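Participant: Here's the letter readout for the chains.
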Amino acid sequence: MILRKIFNPIAVVRYMRWELATSTFLSTAVYFLYHNQYLGKTSLPFSVAAILGSALAIFLAFRNNNSYNRWWEARTIWGSIINNSRIFARQIIANADSALSSGKVSAEQINDYKKEMVYRQIAFAHALRLHLRGQKSLGEMKHLLSKEEFEDAVQKQNIPNYLLFVQGKRIKDGMKIEILGAFDNISLEPTLAGFNNFQGTCERIKSTPLLRQYHFFTKLFLWVFIAILPFALMTDFSKMGTPALMMPVSILVSFVFGVMGKVGEVNEDPFENRITDIPMSAMSNTIERDLKEMLGETELPPKHSPQDGFLF
Amino acid sequence: MILRKIFNPIAVVRYMRWELATSTFLSTAVYFLYHNQYLGKTSLPFSVAAILGSALAIFLAFRNNNSYNRWWEARTIWGSIINNSRIFARQIIANADSALSSGKVSAEQINDYKKEMVYRQIAFAHALRLHLRGQKSLGEMKHLLSKEEFEDAVQKQNIPNYLLFVQGKRIKDGMKIEILGAFDNISLEPTLAGFNNFQGTCERIKSTPLLRQYHFFTKLFLWVFIAILPFALMTDFSKMGTPALMMPVSILVSFVFGVMGKVGEVNEDPFENRITDIPMSAMSNTIERDLKEMLGETELPPKHSPQDGFLF
Amino acid sequence: MILRKIFNPIAVVRYMRWELATSTFLSTAVYFLYHNQYLGKTSLPFSVAAILGSALAIFLAFRNNNSYNRWWEARTIWGSIINNSRIFARQIIANADSALSSGKVSAEQINDYKKEMVYRQIAFAHALRLHLRGQKSLGEMKHLLSKEEFEDAVQKQNIPNYLLFVQGKRIKDGMKIEILGAFDNISLEPTLAGFNNFQGTCERIKSTPLLRQYHFFTKLFLWVFIAILPFALMTDFSKMGTPALMMPVSILVSFVFGVMGKVGEVNEDPFENRITDIPMSAMSNTIERDLKEMLGETELPPKHSPQDGFLF
Amino acid sequence: MILRKIFNPIAVVRYMRWELATSTFLSTAVYFLYHNQYLGKTSLPFSVAAILGSALAIFLAFRNNNSYNRWWEARTIWGSIINNSRIFARQIIANADSALSSGKVSAEQINDYKKEMVYRQIAFAHALRLHLRGQKSLGEMKHLLSKEEFEDAVQKQNIPNYLLFVQGKRIKDGMKIEILGAFDNISLEPTLAGFNNFQGTCERIKSTPLLRQYHFFTKLFLWVFIAILPFALMTDFSKMGTPALMMPVSILVSFVFGVMGKVGEVNEDPFENRITDIPMSAMSNTIERDLKEMLGETELPPKHSPQDGFLF
Amino acid sequence: MILRKIFNPIAVVRYMRWELATSTFLSTAVYFLYHNQYLGKTSLPFSVAAILGSALAIFLAFRNNNSYNRWWEARTIWGSIINNSRIFARQIIANADSALSSGKVSAEQINDYKKEMVYRQIAFAHALRLHLRGQKSLGEMKHLLSKEEFEDAVQKQNIPNYLLFVQGKRIKDGMKIEILGAFDNISLEPTLAGFNNFQGTCERIKSTPLLRQYHFFTKLFLWVFIAILPFALMTDFSKMGTPALMMPVSILVSFVFGVMGKVGEVNEDPFENRITDIPMSAMSNTIERDLKEMLGETELPPKHSPQDGFLF
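In order, the protein sequence lines correspond to chains A, B, C, D and E.
So the first sequence is residues 6 to 317, counted in the working numbering.
So the second sequence is residues 6 to 317, counted in the working numbering.
So the third sequence is residues 6 to 317, counted in the working numbering.
So the fourth sequence is residues 6 to 317, counted in the working numbering.
So the fifth sequence is residues 6 to 317, counted in the working numbering.
Hint data in this document are derived by calculation from the structure and do not stem from the laboratory.
Computed from a predicted structure; not experimentally measured.
Among the hints, erroneous ones may be present.
Where chains are identical, the list cannot tell them apart; a pair therefore holds if satisfied intra-copy or between any two copies.
[As the list claims (entries may be wrong)] DSBU-like, lysine-lysine: derived pairs with alpha carbons at most 35 Å apart:
1. K267 <-> K141
2. K308 <-> K297
3. K224 <-> K308
4. K224 <-> K120
5. K109 <-> K147
6. K141 <-> K297
7. K10 <-> K161
8. K174 <-> K141
9. K244 <-> K10
10. K211 <-> K224
11. K174 <-> K147
12. K181 <-> K211
13. K244 <-> K224
14. K10 <-> K308
15. K10 <-> K141
16. K152 <-> K174
17. K244 <-> K120
18. K152 <-> K141
My request is simple: use the sequences and hints to build the entire structure.
Facilitator: Set out below in structure tokens:
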């Protein structure tokens with residue numbers, strides 16, 4: 006996620022290099038053709054640019070809105086994963102602590118159980134992050150699972166789903182040994198089902214790109230627009246006796262529409278390990294810090310901070 | 006679902022052949038009429054194309070937005086079917102496994118029950134897919150049901166609904182023989198009701214086309230626009246002394262608006278066994294693979310992959 | 006609901022007769038005034054039509070979006086009534102069947118209870134349909150209720166609400182005689198409350214028209230636009246030396262904007278027993294067929310089919 | 006709420022009197038300045054009106070959409086209050102009636118309890134209506150509460166919240182004397198929490214006006230647009246030789262944009278005891294009639310009807 | 006939150022000083038260059054401003070809509086915190102009061118428990134407000150917690166989350182000593198989880214700015230538009246022979262677009278302790294007043310009122 010408010014002009018130019026280069030080349034070419042009077046018969050009325058511009062604007066607005074909605078839905082889901090992790094930890098800890106007075110389980114059993122359950126939930130967040138970004142560095146969650154469980158988990162295709170599956174089984178185990186009460190699952194189960202749904206929603210966004218038809222034709226029409234622009238502007242500028250001004254204006258307008266295209270494009274896919282991703286690393290870190298604090302631990306991993314204005 | 010990012014230009018031209026052919030014919034005809042001076046009295050001011058163009062744009066934007074919403078809702082629902090299948094399997098397996106220690110049911114009974122319930126849930130996904138696509142190849146779910154149940158099921162009008170009905174009954178049976186606990190249905194019932202709702206939502210999208218009024222008039226106005234365009238462009242181009250250029254521009258603008266129309270149209274109906282469908286085959290396959298893995302099976306059906314950039 | 010894809014041109018013309026007649030009359034009149042040089046001083050610049058056209062477009066887009074949302078919400082609610090009816094029948098049947106083994110109720114009692122409850126739920130769908138369409142043919146649900154209950158019900162002001170009220174009471178009765186279990190109401194009550202909410206939502210749409218201000222002024226501005234159009238087009242066409250062409254163009258543009266107005270208007274009220282209604286008769290029929298099949302009945306009422314491309 | 010479809014033209018003119026008067030004065034003044042050739046140097050190009058018009062249109066569309074959303078959300082919430090009142094009454098009556106067979110409470114106790122609970126719920130609707138409209142005529146709910154409770158209630162700041170608080174306590178009392186069963190609160194509590202949320206949502210809409218920035222600048226830009234319009238139209242009309250026509254056109258366009266402004270403005274605040282309010286009086290009356298009928302009462306208050314096309 | 010309907014013109018001018026100053030300087034400079042005939046070759050056709058204006062409008066509409074959605078979501082969430090606080094207090098009080106008759110707990114124990122729980126819930130609202138605004142004046146909630154708990158709480162990183170965690174534990178404690186019933190947590194837990202989710206939603210809005218790409222480029226394009234405007238208007242105004250009028254018009258149009266930019270910008274971040282914040286202080290005060298009244302207290306803190314038309 007980008008946090009900096011001011012962008013480096015050089016980075017912006019580099020980012021838009023193809024659009025700028027194409028537009029510079031074309032408008033210069035058109036100007037020289039015009040200047041040497043080869044263009045008398047090929048300049049276009051401005052109305053052509055206007056009508057193509059509105060069609061392009063509809064496409065761009067559609068694409069940008071839906072890209073942003075995808076990004077924001079992904080961010081919202083991960084926010085819900087944070088909330089739900091806190092709820093789950095709160096429920097497990099309060100329920101388990103409450104079992105002490107019954108005398109059927111020892112304080113140690115309770116502590117082990119709480120730690121196991123809460124750590125596995127932290128591991129879920131890391132596993133989901135790695136799963137969505139297609140990263141293989143599973144070691145990042147090794148410290149949160151027992152050795153056996155970690156070795157089991159890494160064999161699975163869908164590791165986060167497996168961890169939720171284990172949570173479900175271990176809740177039932179907890180009920181059997183009465184660390185958890187008979188009704189506690191009525192509250193725990195919806196929390197757990199929440200994680201299944203959040204994971205599934207992320208997978209939906211990851212596996213279903215924004216409709217390719219819109220992606221392809223938005224791009225195509227953008228390039229057509231950039232290509233036609235110098236011809237369409239030439240007429241008006243030559244009427245005004247300022248034909249050379251057509252070049253900077255054509256480049257500027259191409260830049261503006263090109264930015265509109267790029268800005269929407271980067272939000273289409275929020276889980277690609279890029280600077281425009283939603284900050285899943287920082288959010289898994291928040292979960293790890295918050296849940297460990299709820300367990301009463303004091304050695305928390307350091308907080309992720311933005312670097313150079315980017316948060317991952 | 007289309008996954009390829011670049012479309013084959015020949016396929017695009019073939020796809021738009023009627024719009025391109027009509028526009029080519031009309032603009033050529035208008036040009037020759039003009040060239041031979043038959044058209045002096047029939048060219049139109051550009052403002053006519055502009056005003057019709059904006060009315061058309063409102064219709065297209067409305068239609069495309071609502072088509073996309075239908076497609077995305079269908080995709081979201083099927084995503085939820087995946088999530089809910091995992092939740093259901095997790096609940097059944099965790100609850101049933103937990104019954105072993107009670108001594109009232111044997112490990113074999115539990116395994117049979119888990120397998121029966123989870124397989125039937127996989128069968129639901131296949132049945133719903135076939136139901137929505139209007140396909141009759143019911144054999145694709147035969148391996149998931151007992152012979153008797155399969156023969157019963159194929160007699161029913163609404164097979165997926167029947168399978169959910171059986172699930173509801175078998176949960177009650179499970180509670181009677183204490184494979185499931187007395188409170189387990191409080192969690193299982195909402196999961197099951199979820200499937201009823203997801204099926205009904207798919208049926209709603211399938212049986213209720215996007216309002217025909219919008220469909221018909223969007224098409225009509227698009228063709229009227231394509232027909233009027235050469236007349237409206239002729240004026241400006243002849244003023245500029247470049248009448249022949251009117252032809253490619255007219256074809257280009259018709260192509261752009263024609264694409265806007267087509268791109269929206271294909272998303273109206275997401276369950277028609279076309280390349281623009283939501284990928285229900287791949288998603289049923291995901292369900293089968295994930296749920297069988299949760300049962301501990303190792304012989305999973307091979308994963309569906311996109312072919313030629315299309316995923317079904 | 007309209008299912009046909011192609012509309013009869015004569016029906017379309019008849020449907021738009023006032024808009025077409027007015028526009029034909031006005032544009033012809035303007036043309037003859039112009040032709041006889043009475044109009045020199047009353048033609049308007051095109052910019053007036055453009056600015057009024059954009060204001061009108063904003064109104065039309067707003068009205069059409071919100072009309073469609075009303076229609077689609079109504080359709081969604083009725084889809085949910087179908088889903089919820091299946092859920093309710095599934096719950097009642099599975100719960101009641103499960104009571105047999107307890108020995109406290111006979112198979113006959115169970116069958117009577119299931120049939121009574123499920124039939125009443127079918128009656129609810131018919132009653133709600135008649136209630137929303139303001140129809141008095143209550144006989145259409147007579148076969149689904151006992152004679153006494155039918156006579157009671159028809160006395161009530163709000164018959165569908167009364168039927169839900171009876172369902173609530175009969176569930177409690179079922180629990181008392183142990184056809185239903187002590188926890189079954191935890192699942193049944195939300196299903197029943199669902200019906201209350203769906204009925205209320207339909208009543209909201211029925212009783213609250215789309216804001217009259219938008220309805221009235223959209224119409225008013227549409228007619229003002231149609232009236233001004235010939236004057237505003239005259240100028241451009243006479244400049245081009247093709248004044249007679251103004252007439253067909255003015256009629257065409259009036260037709261396009263008139264269609265935009267009408268298309269939105271018919272979706273404002275989806276429960277009026279018109280061809281643009283949501284198909285409540287077909288949906289009640291689906292509920293009757295599906296629920297009777299779930300009871301194991303084989304004599305189902307025939308399926309409603311579209312007639313002439315319309316489904317009621 | 007306005008139910009009439011045709012508005013009185015005199016009322017419309019009176020309603021828009023400031024916009025019409027200003028525009029008439031300004032356009033007449035501009036015309037006479039022009040006529041006497043004082044205006045040669047102050048008329049504006051039409052493009053200025055066009056660019057300001059589009060900025061204004063964006064503001065108006067934003068304001069009108071959000072105003073309408075506020076109005077429709079308020080209407081939806083009150084629809085939900087009706088639904089929820091029916092659900093609450095159904096739950097209380099079915100649960101209490103079911104207690105008779107237990108023998109622990111008498112039929113009279115049950116009837117008193119049902120009546121008390123249902124009447125208080127009716128009182129809640131009246132109290133919320135008065136609370137939102139800032140009306141002090143608390144007598145309108147006096148017949149629904151015992152004398153003591155009424156006197157207690159009117160002391161409270163937030164009367165509807167107090168009534169819900171009493172409902173919560175009396176449910177617990179009902180459980181203690183076993184008029185309500187041990188699990189009944191699992192269904193009743195979400196219904197009751199629903200009322201808390203509906204009240205809170207209404208209070209949110211009431212206490213948070215549509216962002217004042219949009220309110221103020223929309224108004225300001227509307228008046229600027231009306232003021233600039235005659236200058237910008239003058240140019241085109243004088244070119245066409247019909248300068249006097251500028252006056253009616255300027256007034257017409259000002260009227261259209263003025264209506265767009267007013268139409269949105271009246272929906273901003275739906276609880277102000279105006280003709281554009283949501284009809285809370287009629288809806289409280291519906292609740293009173295429906296719930297009393299559910300109690301088996303036959304003396305129902307007369308139904309509220311629209312008067313002169315307005316429903317309060 | 007701004008409540009005043011009329012803004013001080015001087016404040017508005019000061020607020021827009023950079024836009025106004027830049028535009029005044031540029032348009033004056035362009036006018037004098039033109040006047041002294043240096044500008045013959047640098048004025049631009051108006052179409053350039055039109056095409057950049059529409060691109061800018063798309064960006065502004067997108068930004069303003071999404072800013073407003075963020076603001077309104079924040080306001081809605083805080084409204085839900087009010088509702089949920091009332092629900093929580095109602096549940097705790099009704100449940101605890103009901104325990105008196107059991108004889109297992111004394112009236113004093115009950116009162117202490119109710120007060121502790123409800124006060125902690127009020128403290129949550131204050132703590133969340135301070136947390137979101139980044140304020141350190143934790144003393145504002147000191148009177149609501151015991152001395153020990155306050156000292157514990159202020160050590161924590163995430164104080165509101167800690168308070169919810171304590172609530173969860175204390176509910177379990179209440180169940181153990183039977184101030185709360187065995188099923189009461191089925192209703193209390195969703196209320197508590199609601200607070201976790203509301204907090205998380207606020208944190209999401211706080212920590213995730215509106216996409217910086219849109220922020221940066223909207224600003225950039227706005228300034229480009231303001232800079233180009235005088236050149237683009239010059240042409241039309243000089244044609245009309247009123248070049249000096251270009252200056253006020255250019256400043257006016259820059260002001261209008263500048264306002265559109267600023268108005269959206271201030272709503273991006275609703276938790277920054279500015280006059281455009283959502284009024285969290287007033288809402289925490291409402292919660293404190295309402296909940297204390299529900300406890301039967303009569304010494305309520307004074308109600309927050311708007312000052313100078315602003316509510317914090």
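Participant: Which hint numbers does the structure go against, in order from smallest to largest?
Facilitator: Those not satisfied are hints 4, 9, 12 and 17.
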